[in-house]
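Engineer: Since the structure of chain A is already known, use the hints to place chain B with the ligands on it.
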Amino acid sequence: MGQAAVEFQQVTKNYGSGNVLENFNLVIPKEKIVTIIGPSGCGKTTLLKMINRLIEPEAGSVLLGQQDIGELNPVELRRSIGYVIQQIGLFPHMTVEQNISIVPRLKGEKKEHLVARTAELLQLIGLEPEQYRGRYPHELSGGQQQRIGVARALAANPSIILMDEPFSALDPISRVQLQKELIKLNEQVRKTIVFVTHDIDEALKIADVVVLLKAGQVIQQGSPKELLERPAHEFVREFLGQERFPLAYSI
Amino acid sequence: MHQLWTTFQASWEVILEKTQEHIYLSLVSVVLACLIAIPLGIYLSAHRRLANSVITTVSVIQTIPSLALFGFMIPLLGIGPKPAIFALTLYALMPILQNTYVGINGVNPALIEAGKGLGMTRWQLLWIVQLPIARVVIMAGVRLVAVQTISMATIATYIAAGGLGDIITNGMSMMDTPTIMLGAIPVSLLVILINILLLQLNRWLTPKGLSDKKTTVSINTHAKKRRAAL
Ligand SMILES: Nc1ncnc2c1ncn2[C@@H]1O[C@H](COP(=O)(O)OP(=O)(O)OP(=O)(O)O)[C@@H](O)[C@H]1O
Ligand SMILES: [Mg+2]
Numbered sequence: 001m002g003q004a005a006v007e008f009q010q011v012t013k014n015y016g017s018g019n020v021l022e023n024f025n026l027v028i029p030k031e032k033i034v035t036i037i038g039p040s041g042c043g044k045t046t047l048l049k050m051i052n053r054l055i056e057p058e059a060g061s062v063l064l065g066q067q068d069i070g071e072l073n074p075v076e077l078r079r080s081i082g083y084v085i086q087q088i089g090l091f092p093h094m095t096v097e098q099n100i101s102i103v104p105r106l107k108g109e110k111k112e113h114l115v116a117r118t119a120e121l122l123q124l125i126g127l128e129p130e131q132y133r134g135r136y137p138h139e140l141s142g143g144q145q146q147r148i149g150v151a152r153a154l155a156a157n158p159s160i161i162l163m164d165e166p167f168s169a170l171d172p173i174s175r176v177q178l179q180k181e182l183i184k185l186n187e188q189v190r191k192t193i194v195f196v197t198h199d200i201d202e203a204l205k206i207a208d209v210v211v212l213l214k215a216g217q218v219i220q221q222g223s224p225k226e227l228l229e230r231p232a233h234e235f236v237r238e239f240l241g242q243e244r245f246p247l248a249y250s251i
Numbered sequence: 001m002h003q004l005w006t007t008f009q010a011s012w013e014v015i016l017e018k019t020q021e022h023i024y025l026s027l028v029s030v031v032l033a034c035l036i037a038i039p040l041g042i043y044l045s046a047h048r049r050l051a052n053s054v055i056t057t058v059s060v061i062q063t064i065p066s067l068a069l070f071g072f073m074i075p076l077l078g079i080g081p082k083p084a085i086f087a088l089t090l091y092a093l094m095p096i097l098q099n100t101y102v103g104i105n106g107v108n109p110a111l112i113e114a115g116k117g118l119g120m121t122r123w124q125l126l127w128i129v130q131l132p133i134a135r136v137v138i139m140a141g142v143r144l145v146a147v148q149t150i151s152m153a154t155i156a157t158y159i160a161a162g163g164l165g166d167i168i169t170n171g172m173s174m175m176d177t178p179t180i181m182l183g184a185i186p187v188s189l190l191v192i193l194i195n196i197l198l199l200q201l202n203r204w205l206t207p208k209g210l211s212d213k214k215t216t217v218s219i220n221t222h223a224k225k226r227r228a229a230l
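If you read the protein sequences in the order shown, they are chains A and B.
Each residue of the first sequence is one higher than the one before, starting from 1 at the first, in UniProt numbering.
Each residue of the second sequence is one higher than the one before, starting from 1 at the first, in UniProt numbering.
Isolated chain A (complex conformation) (with noise of 0.2 Å):
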């Protein structure tokens, strides 16, 4: 399966009724577009926000690479990763180059230097540089808002991009779109995308890697082809939906 990007190990995570994630392990492997699918309240956002550390763990460790994230600052290792929310969180005061550039800014990059960048990542999420980079928030439609939530998370070159189901509110043509970019971004740029969602067409289709998830406990791994050629559990095809699986590969 290549490097580990992130790897989960032995870890514990408890709100405090109950284990939400119990001695949890997960290698998620680099440079790839690993989807996270799995029940609502399985502990998908929990996993996903571990890593940056939005959540800490109660017991175990999350490895980014060799090194434990826990004895890193968060504040750089956040800057150091992409995130993408649900709800967009643009900020509603700030133009789209200003939400583009933020982290850069954040970690003082030079103005001309930002400039240039936000321009490169407009073109990239297939937006018209002058037209768009002075607007603000509320003068995009749904799914410019989206992109730009996606290039925001872009813009500081990190090699990990999280993203929490960031399709989710969009229309069914605009969200195929833009899976559409999101595959072709992966193949120009080359980052660890881990990807939750709730639309299973949308994890299968776009993933290199799916991982399954059933109540804090990994369920399957492997590469879509792999979960419908050979289901791990009966579970995998209850959830990916008994249709997917032709007849012969019943277990």
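Since the hints were derived computationally from the structure, they do not count as laboratory data.
For glycine and all other residues, C-beta sits at the position ideal for the given N, C-alpha and C.
Be a bit skeptical, because a hint or two may be false.
[Stated by the list, open to error] Derived EDC-like pairs: lysine to aspartate or glutamate, alpha-carbon spacing no greater than 20 Å straight-line: (1) A:Lys49 to B:Glu113; (2) A:Lys111 to A:Glu139; (3) A:Lys107 to B:Glu113; (4) A:Lys205 to A:Asp171; (5) A:Lys205 to A:Glu165; (6) B:Lys82 to B:Glu17; (7) A:Lys214 to A:Asp199; (8) A:Lys30 to A:Glu58; (9) B:Lys208 to A:Asp68; (10) A:Lys214 to A:Glu7; (11) B:Lys208 to A:Glu139.
[To be verified] Chain A stretches covered by chain B per the calculated footprint, using a threshold of three residues with CB under 8 Å from any CB of chain B: (12) 89-96; (13) 127-138.
Structural biologist: Below, chain B with the ligands alone, put in the same frame as chain A:
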């Protein structure tokens, strides 16, 4: 009318002096209240358990009739501008405190999470995200307080603090309408002027992306209505 004019000609220097005193009392009180209530509101928005009791306590001050509050000052601090400023400041705390608290808590939690997740420190989150977005609401509180303080400073005359109230009470004791008017008109003009000035400042300070209805905190619609009424 003619009488008013002659009285004005005779006493414009006094009016000017009393206006200056009035502005001084009000300005110092509002600035002090801002310096106390805004940081306190910011602090409380991060310590919500404490917030309730503090805000309740501060709001008790608001329920004391203003004349009685000035009365309390006499045994505590004596008479003159200082106790008056103290009382005016106390009275001004609540609206600013409440608006700061509400304004900062009203910031969409998704923006806080985005800011944190992108690597802002708490301080950066405050300055880059929370305060700019809450500013509209905080400024609405300050404007309310400015108007309220200028009106209230009129009765500061009862504890010998000066201001335009001196002229009004003087006129009342002499049953002299033109004199009353020469105190009342400047106070009214002052209130109207400050209100317009702060409205303008508010509009000017509102970040462009927030001037659209959809994105602003709901309290702002209140400010908008008033703006429209003007
Ligand atoms: N801050 C919190 N306090 C208490 N319990 C929490 C908290 N956050 C999450 N939980 C609980 O932890 C479990 C996992 O939550 P999590 O948000 O990771 O689920 P999820 O898989 O992302 O669900 P969804 O698909 O609905 O987004 C849930 O049972 C949830 O109720
Ligand atoms: Mg979730």
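Engineer: Against each hint, give a clear statement of whether it holds in the structure.
Structural biologist: Verification of the hints:
1. Taking the CA atoms of lysine 49 of chain A and glutamate 113 of chain B, the gap is about 10 Å. The hint holds against a cut of 20 Å.
2. Distance hint between lysine 111 of chain A and glutamate 139 of chain A is unfulfilled; the C-alpha atoms sit about 24 Å from each other, more than 20 Å.
3. Distance restraint check for lysine 107 of chain A and glutamate 113 of chain B: the Cα-Cα separation of roughly 18 Å lies within the 20 Å cut-off, and the hinted pair is therefore satisfied.
4. Using a Cα cut-off of 20 Å, the hinted pair lysine 205 of chain A and aspartate 171 of chain A holds, with the two alpha carbons roughly 17 Å apart.
5. Straight-line distance between C-alpha atoms of lysine 205 of chain A and glutamate 165 of chain A comes to about 14 Å, which keeps the hinted pair within the 20 Å bound.
6. Taking the CA atoms of lysine 82 of chain B and glutamate 17 of chain B, the gap is near 18 Å; set against the 20 Å cutoff, the hint holds.
7. With a CA separation close to 15 Å, the supplied pair lysine 214 of chain A and aspartate 199 of chain A stays within the 20 Å bound.
8. Restraint check for lysine 30 of chain A and glutamate 58 of chain A: the C-alpha separation of about 26 Å exceeds 20 Å, so the hint is violated.
9. Between the alpha carbons of lysine 208 of chain B and aspartate 68 of chain A the distance comes to roughly 42 Å, so the proposed pair goes past 20 Å and is violated.
10. For the suggested pair lysine 214 of chain A and glutamate 7 of chain A, the alpha carbons sit about 19 Å apart, so the restraint of at most 20 Å is met.
11. About 11 Å separates the Cα atoms of lysine 208 of chain B and glutamate 139 of chain A, which keeps this hinted pair within 20 Å; it holds.
12. Evaluation of the coverage hint for the region 89-96 of chain A: fulfilled, as 7 residues show C-beta separations to chain B shorter than 8 Å, against a requirement of three.
13. Only when three residues or more bring their CB closer than 8 Å to a CB of chain B does the claim for the region 127-138 of chain A stand; here the count is 3, and the claim holds.
In this structure, the hints that do not hold are numbers 2, 8 and 9, in rising order.
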